[in-house]
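S.K.: Count along the sequence shown from 1, add 8, and you get the number used in my numbering.
Note that these hints are calculated values from the structure, not bench results.
Yeah, the Cβ is synthetic: ideal placement off N, Cα and C, and Gly gets one too.
There may be inaccurate statements among the hints.
Derived pair list, reagent style EDC-like, types lysine to aspartate or glutamate, alpha-carbon separation capped at 20 Å [what the hints assert, rightly or not]:
| hint | residue 1 | residue 2 |
| --- | --- | --- |
| 1 | Lys224 | Glu250 |
| 2 | Lys256 | Glu217 |
| 3 | Lys221 | Glu248 |
| 4 | Lys299 | Asp328 |
| 5 | Lys121 | Glu158 |
| 6 | Lys69 | Glu59 |
| 7 | Lys224 | Glu248 |
| 8 | Lys236 | Glu185 |
| 9 | Lys195 | Asp143 |
| 10 | Lys300 | Asp328 |
| 11 | Lys224 | Glu140 |
| 12 | Lys236 | Asp143 |
| 13 | Lys224 | Asp243 |
| 14 | Lys38 | Glu52 |
| 15 | Lys195 | Asp177 |
| 16 | Lys78 | Asp100 |
So the derived label-pair ranges between C-beta atoms look like this [said to hold, decoys possible]:
| hint | residue 1 | residue 2 | range |
| --- | --- | --- | --- |
| 17 | Ser247 | Glu215 | 15 to 25 Å |
| 18 | Gly138 | Lys299 | 38 to 48 Å |
| 19 | Thr117 | Arg295 | 22 to 32 Å |
| 20 | Ile262 | Thr41 | 37 to 47 Å |
| 21 | Glu43 | Thr319 | 48 to 58 Å |
| 22 | Asn318 | Lys38 | 50 to 60 Å |
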Amino acid sequence: MRKIPGILIILMGLMSLVPVCPEAYSQQMKDITSEHLLMRLPQERTLLGREVLIDLERFYKFLDGAIDAKLPRQIALLVDWERQESRTNYRDVSIIVGMNQPVASGTRTFLLKESMREIARFGLLELSQGAERPDYEFLYEGMIEILVNEFNHTSRSLESAWVISKFLDEMGQLSLETQRSWPDFSKDHRCFRNAAPGITFLLTFRELEGRDKPGKFFKALRRANLSKSLEETFDKTASELEAIWLRKVRQHRIPDEITISAEEAPQLFETTLIPEAVEPGDQLKVRFQFKKTEGVLLPDGVFIRDLRTNTIFQAHEDSDAISATIPVEAGTAPGEYGYSITAIDESGNLRQYKGNYEVIGIP
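Throw the hints in and build the complete structure from the sequences for me.
M.R.: As structure tokens, this is what we get:
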């Protein structure tokens, strides 16, 4: 059994992280503590840290009751404003929170959510006794989102995960085999879109077999690989579980909109078609400009459906905008055709928009 370090050992662990974060040398750091958490951050951010630590302590206590694992007496968090990703160090009982990320919108909001996610990750690693491999990373990501949203009473945002999963399925990107290849599927990028398959998989079997089943699955990872852990937990083969999950996703109806926070929801204000009229055999680029809101909208959360072929495509970053490409096959008849845009932000707000494009005859 891993021994739980005391406060001095935690501090030593944080000091050992300084070479990973060399900027810590150039600024005076401050330690603040709550009952179960120790946070190290730049001294000028102390007030922010104290505000966030109150809510993080509440989340720690929620997590301690939500999962069947004994959390360490104290977890250390190092907040790094230069680091571009966060990391949980299970053996050192410490967390690095990287604040230099595209999704870091409001500083306080991001610090709170990112810290919660990493504390939740630590709790799941406690369940699995540190079992962590790329082929089941998608389930860690999914369960983290479930726990954080349940604590924040924003579980309705998980409804958008079903929409994303449905789109991924149509695009041939939803299966246990696909999700097990986490680096290929996610490009090692943590976002709501990439967590959606794990969210819907776990919610499917929590609904069918009880709320305690996901916890039992993470415990099973102590002893076996993904396939065997799934079979041990749910008493079905991985292929049988996949079939149930995909059937549930495909039955899901896509709502016109989902509002978690109206102030954060995506707002499309301009669409540009390149070219304005497309010839058969060419490609049409649809470029979107969204208004700046309090929310975070990534290209990963934007999808376009060509209503002519009923095919859905993933959007991508395009300079200061987001764009998607619709192929117009040779032989397409001239005329006006429609498309629909679905934008889902990192909070689960969903908005849909419609537009038209023109296919012209080849001279």
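S.K.: Now look at each hint and say whether the structure bears it out.
M.R.: Hint-by-hint comparison with the structure:
1. Proximity of Lys224 to Glu250 is assessed by CA-CA distance (about 18 Å); at most 20 Å being required, the pair is judged to hold.
2. Straight-line distance between C-alpha atoms of Lys256 and Glu217 comes to about 14 Å, which keeps the hinted pair within the 20 Å bound.
3. Pair hint Lys221 plus Glu248 holds up; C-alpha atoms about 16 Å apart against a cutoff of 20 Å.
4. For the hint linking Lys299 to Asp328, the alpha-carbon distance of about 12 Å falls within 20 Å, and the restraint holds.
5. For the suggested pair Lys121 and Glu158, the alpha carbons sit about 13 Å apart, so the restraint of at most 20 Å is met.
6. Straight-line distance between C-alpha atoms of Lys69 and Glu59 comes to about 17 Å, which keeps the hinted pair within the 20 Å bound.
7. Note on Lys224 and Glu248: the hinted pairing holds, with a Cα-Cα distance of about 18 Å set against a maximum of 20 Å.
8. Proximity of Lys236 to Glu185 is assessed by CA-CA distance (about 15 Å); at most 20 Å being required, the pair is judged to hold.
9. Of the supplied pair hints, the one linking Lys195 and Asp143 holds, its CA atoms being roughly 13 Å apart against a limit of 20 Å.
10. Restraint check for Lys300 and Asp328: satisfied, since their Cα atoms lie roughly 12 Å apart, inside the 20 Å limit.
11. Note on Lys224 and Glu140: the hinted pairing holds, with a Cα-Cα distance of about 16 Å set against a maximum of 20 Å.
12. Distance check on the hinted pair: Lys236 and Asp143 sit about 13 Å apart at the alpha-carbon level, within 20 Å; holds.
13. As the CA atoms of Lys224 and Asp243 are separated by approximately 12 Å, the hinted pair is consistent with the 20 Å bound.
14. Of the supplied pair hints, the one linking Lys38 and Glu52 holds, its CA atoms being roughly 8 Å apart against a limit of 20 Å.
15. Among the hinted pairs, Lys195 with Asp177 is consistent with the structure: their alpha-carbon atoms are about 18 Å apart, no more than 20 Å.
16. With a C-alpha separation of about 16 Å, the suggested pair Lys78 and Asp100 falls inside the 20 Å cut-off, and the hint holds.
17. For the pair Ser247 and Glu215, the beta carbons lie near 20 Å from each other, so the given range of 15 to 25 Å is met.
18. Our hint of 38 to 48 Å for Gly138 and Lys299 holds, since their Cβ atoms are close to 44 Å apart.
19. A hinted range of 22 to 32 Å for the beta carbons of Thr117 and Arg295 is consistent with their spacing of about 29 Å.
20. The hinted window of 37 to 47 Å between Ile262 and Thr41 holds, with their beta carbons roughly 46 Å apart.
21. Range check, Glu43 to Thr319: about 53 Å between beta-carbon atoms, so the 48 to 58 Å window is met.
22. The hint said 50 to 60 Å for the Cβ distance between Asn318 and Lys38, and at roughly 56 Å that hint holds.
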